[in-house]
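Chemist: Given next are the chains, with one letter for each unit.
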Amino acid sequence: MISGTVVIATEICKGCELCIASCPQESLGLSSSINRKGYRFATLVQNNCTGCVNCALVCPDSAITVYREKKAAKRIPQTVIASHAV
Amino acid sequence: MNDVINGQMEVVYHKPETLTDTPMHYCPGCGHGAIHRILMEVIDEMGIAEQTVGIAPVGCSVLAYHYMNVDMQEAPHGRASAVATGVRRVLPEKYIYSYQGDGDLAAIGTGETIHTVNRGENILMVFVNNGIYGMTGGQMAPTSLCGMITSTSPYGRDAHHVGYPIKITEMIAQLPGAYYVARHSVHTPAAVRKLKKAFKASFEFQKQKKGTCFIEVVSNCPSGWKMTPIEANAWMEKNMLPYFQPGDIKVPAAMK
Amino acid sequence: MSQIIHDEHPILMKGNEALAEASLRAGLQAYFGYPITPQSEILEYLSEQAPNRKDTVVLQAESEVASINMVYGAAGAGARVMTTSSSPGISLMQEGISYIAAAELPCLIANVQRGGPGLGTIQPSQGDYFQATKGGGHGDYHIVVLAPSSVQEMADFVFDGFRLAEEYRMPTMILSDGALGQMMEKIYLPKDGSLPKSEKPWATVGKPKSRERNYITSLHIEPDKMETINIHLQDKYRKLKKEIRFELTNVEDADIILVAFGLSARICSKVMELARAKGLNVGVFRPITLYPFPYEALASYADPMRMFLTVEMNAGQMVEDVRLAVNGKCPVYFKGRMGGMIPTPEEILLEVEAMAEKQRITNQSAGYL
Numbered sequence: 001m002i003s004g005t006v007v008i009a010t011e012i013c014k015g016c017e018l019c020i021a022s023c024p025q026e027s028l029g030l031s032s033s034i035n036r037k038g039y040r041f042a043t044l045v046q047n048n049c050t051g052c053v054n055c056a057l058v059c060p061d062s063a064i065t066v067y068r069e070k071k072a073a074k075r076i077p078q079t080v081i082a083s084h085a086v
Numbered sequence: 001m002n003d004v005i006n007g008q009m010e011v012v013y014h015k016p017e018t019l020t021d022t023p024m025h026y027c028p029g030c031g032h033g034a035i036h037r038i039l040m041e042v043i044d045e046m047g048i049a050e051q052t053v054g055i056a057p058v059g060c061s062v063l064a065y066h067y068m069n070v071d072m073q074e075a076p077h078g079r080a081s082a083v084a085t086g087v088r089r090v091l092p093e094k095y096i097y098s099y100q101g102d103g104d105l106a107a108i109g110t111g112e113t114i115h116t117v118n119r120g121e122n123i124l125m126v127f128v129n130n131g132i133y134g135m136t137g138g139q140m141a142p143t144s145l146c147g148m149i150t151s152t153s154p155y156g157r158d159a160h161h162v163g164y165p166i167k168i169t170e171m172i173a174q175l176p177g178a179y180y181v182a183r184h185s186v187h188t189p190a191a192v193r194k195l196k197k198a199f200k201a202s203f204e205f206q207k208q209k210k211g212t213c214f215i216e217v218v219s220n221c222p223s224g225w226k227m228t229p230i231e232a233n234a235w236m237e238k239n240m241l242p243y244f245q246p247g248d249i250k251v252p253a254a255m256k
Numbered sequence: 001m002s003q004i005i006h007d008e009h010p011i012l013m014k015g016n017e018a019l020a021e022a023s024l025r026a027g028l029q030a031y032f033g034y035p036i037t038p039q040s041e042i043l044e045y046l047s048e049q050a051p052n053r054k055d056t057v058v059l060q061a062e063s064e065v066a067s068i069n070m071v072y073g074a075a076g077a078g079a080r081v082m083t084t085s086s087s088p089g090i091s092l093m094q095e096g097i098s099y100i101a102a103a104e105l106p107c108l109i110a111n112v113q114r115g116g117p118g119l120g121t122i123q124p125s126q127g128d129y130f131q132a133t134k135g136g137g138h139g140d141y142h143i144v145v146l147a148p149s150s151v152q153e154m155a156d157f158v159f160d161g162f163r164l165a166e167e168y169r170m171p172t173m174i175l176s177d178g179a180l181g182q183m184m185e186k187i188y189l190p191k192d193g194s195l196p197k198s199e200k201p202w203a204t205v206g207k208p209k210s211r212e213r214n215y216i217t218s219l220h221i222e223p224d225k226m227e228t229i230n231i232h233l234q235d236k237y238r239k240l241k242k243e244i245r246f247e248l249t250n251v252e253d254a255d256i257i258l259v260a261f262g263l264s265a266r267i268c269s270k271v272m273e274l275a276r277a278k279g280l281n282v283g284v285f286r287p288i289t290l291y292p293f294p295y296e297a298l299a300s301y302a303d304p305m306r307m308f309l310t311v312e313m314n315a316g317q318m319v320e321d322v323r324l325a326v327n328g329k330c331p332v333y334f335k336g337r338m339g340g341m342i343p344t345p346e347e348i349l350l351e352v353e354a355m356a357e358k359q360r361i362t363n364q365s366a367g368y369l
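Residue numbers (the numbering used here), protein chains in the order written: chain A, 1 to 86; chain B, 1 to 256; chain C, 1 to 369.
With the rest of the complex left out, here is chain A:
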């Protein structure tokens, strides 16, 4: 499983919970503390984020930055290269 994480701008978040609902891993939940505007903000409650980007796509306040593990480059088999050579 690819691993990822999110960074949520806690002062921008309005606790609308749409990201929480969209997360297939149930990684997100509402904080117990409140931000300066009085909102409980979204926060990671589990360590199983895959960086799928669902939460950031639905976030109305663009408060989420998503990170994902870099994929290793695939090796192209030598025989394939040879057959394409002109």
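Do not rely on the hints blindly, as some may be mistaken.
As the list claims (entries may be wrong) - Result set (BS3-like, lysine-lysine): computed pairs, CA atoms no more than 27 angstroms apart in a straight line:
no., chain 1, residue 1, chain 2, residue 2
1, C, K197, B, K94
2, B, K196, A, K70
3, C, K54, B, K209
4, C, K54, C, K191
Said to hold, decoys possible - Under 8 angstroms between C-beta atoms, here's a sample of chain C residues computed to sit facing chain B:
no., residue
5, A30
6, F32
7, V57
8, E62
9, Y72
10, A79
11, L92
12, E95
13, R213
14, T217
15, S218
Claimed, not checked - Sample of chain B residues lacking proximity to chain A, with all beta carbon distances greater than 12 angstroms (derived):
no., residue
16, I114
17, H115
18, I149
19, P242
Note that these hints are calculated values from the structure, not bench results.
From a predicted model like this one, the values you see are computed outputs, not experimental measurements.
Cβ coordinates follow ideal geometry from the N, Cα and C atoms, glycine included.
Got chain A sorted already, so can you dock chains B and C onto it with the hints?
Modeler: The following block gives chains B and C in isolation, referenced to the frame of chain A:
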């Protein structure tokens, strides 16, 4: 913003550059925020921010110019498409979009809406439909559903008294000047991705001077509907989307 | 006022067409309009000329509401833009004009007035003076108002109008009427291309990286901010006073001064001729800028030994400004025709003679209507 965390992770999604850092005034969960972001994301990816002029409406998104870092004009209520026409006619090479709500586009601005599309003005018209007048406190809109309770239909919209919710998008799709007409939403990640494709196609068509691209985005209004954002999206999916059906309404051959 | 350079040779032209041709020569970049009698010829002339003018967009809009909003958009994008209409159509534009004034955009609007109120007649009138000068739309704003009284001025005021609109960043109106729009006179058109372009760094043309975004708006929700905007607008209108224009004919020795604008002023020139022939000392004070109004100049002619007669094609609109200027120093009478009727010089002369008679009987200025 760190591009890499722990040297192992990279950023795969971030706020678009053309969306300003100004915190948005919209209610928690309101669709406007996501729609603004996707529009700005497309503008960023296409690299056209320096050649774009946007027209903001009157309604909840009257302050859109605080969030969109492009040259913008604030139009009188309903008139955004006429204002956009004026801009388009004197700036033939730029990218132009208008952004309106349901009252702006389908009530007071109906005349301008129809004729702008009829002329095939080479602009993107974004129509945010949440079946209610948010900014003024939750009155009935021309797209409010039958039976929907609003501050001016306290017993539910009665078609006999005020008529049926208007499907302006289907109406204007019939005009030859309408090149690409579609309806989407932003309540799920999949829907957001589809909307992004629609915006991108629209700006591509605009570059080719094809005519009017009209994208309706069905959205929620948690405050007006008196629901939580999650409840509002569920209600929208259950009640609004069967009536205002998402999908392509008029697709040019180029897209098929 | 800058001098306008004219063509060497004259041409016989109809008022509406002279206005239209002058706008092309002034470097018009966009015209949005809707047909309405008695000014449809302007849209027609421009539509016909459009293929010869590649830099000018001419578009028939679906309504006057659409027209004025297209003007707003084009003006905000930095274009030299005009619309024209007649009284009922100008009413429809009031919302847009208020927005344009508040957003400080330049544009030229011509009102070829017709009889009203309501649908009225297609005959000429001056019934929109209040609407034009007191701000017909909502809020505290003004537009520059120029009142031509000849076909020559129909053409010249287009150049003056664009210059004022762009220098002061506000809408400018040419307040004409159906007779001036339809009559034909020999005129010298302003030279093509002789109105310089102006810089518009505030225009929405696409934001380069080198500057912040421009946005054109009239929304300033915080009241203290809105008051600041209003104070700025009022300051601007004060500065506008140096553009006041009027024309004086035989006023220095006049016992009776006729005050009139536009078509009425032409008629008053004839009245003055007829009156002088009868030994009456009559002069004409013709305001040319109706806003800013020549209050001080008019006041300087107010004298206990004089009388004013304001002649208008309405129920009495400019006369209120004349009374304000005169400020009770001497009598101000009014003669008007309404609904599209044009007064004759003879009927005005009767009024003048009655006034002169009254003056002789009372012998002094004491007591006036």
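Chemist: Are the hints correct? Go through all of them and say.
Modeler: Here is how each hint holds up against the structure:
no.	hint	verdict
1	K197/C <-> K94/B	holds, 21 angstroms
2	K196/B <-> K70/A	holds, 25 angstroms
3	K54/C <-> K209/B	holds, 19 angstroms
4	K54/C <-> K191/C	holds, 18 angstroms
5	A30	holds, 5 angstroms
6	F32	holds, 7 angstroms
7	V57	holds, 4 angstroms
8	E62	holds, 4 angstroms
9	Y72	holds, 5 angstroms
10	A79	holds, 4 angstroms
11	L92	violated, 11 angstroms
12	E95	holds, 6 angstroms
13	R213	holds, 5 angstroms
14	T217	holds, 4 angstroms
15	S218	holds, 7 angstroms
16	I114	holds, 30 angstroms
17	H115	holds, 33 angstroms
18	I149	holds, 22 angstroms
19	P242	holds, 21 angstroms
The earlier numbered hint that this structure contradicts is number 11, and it is the only one.
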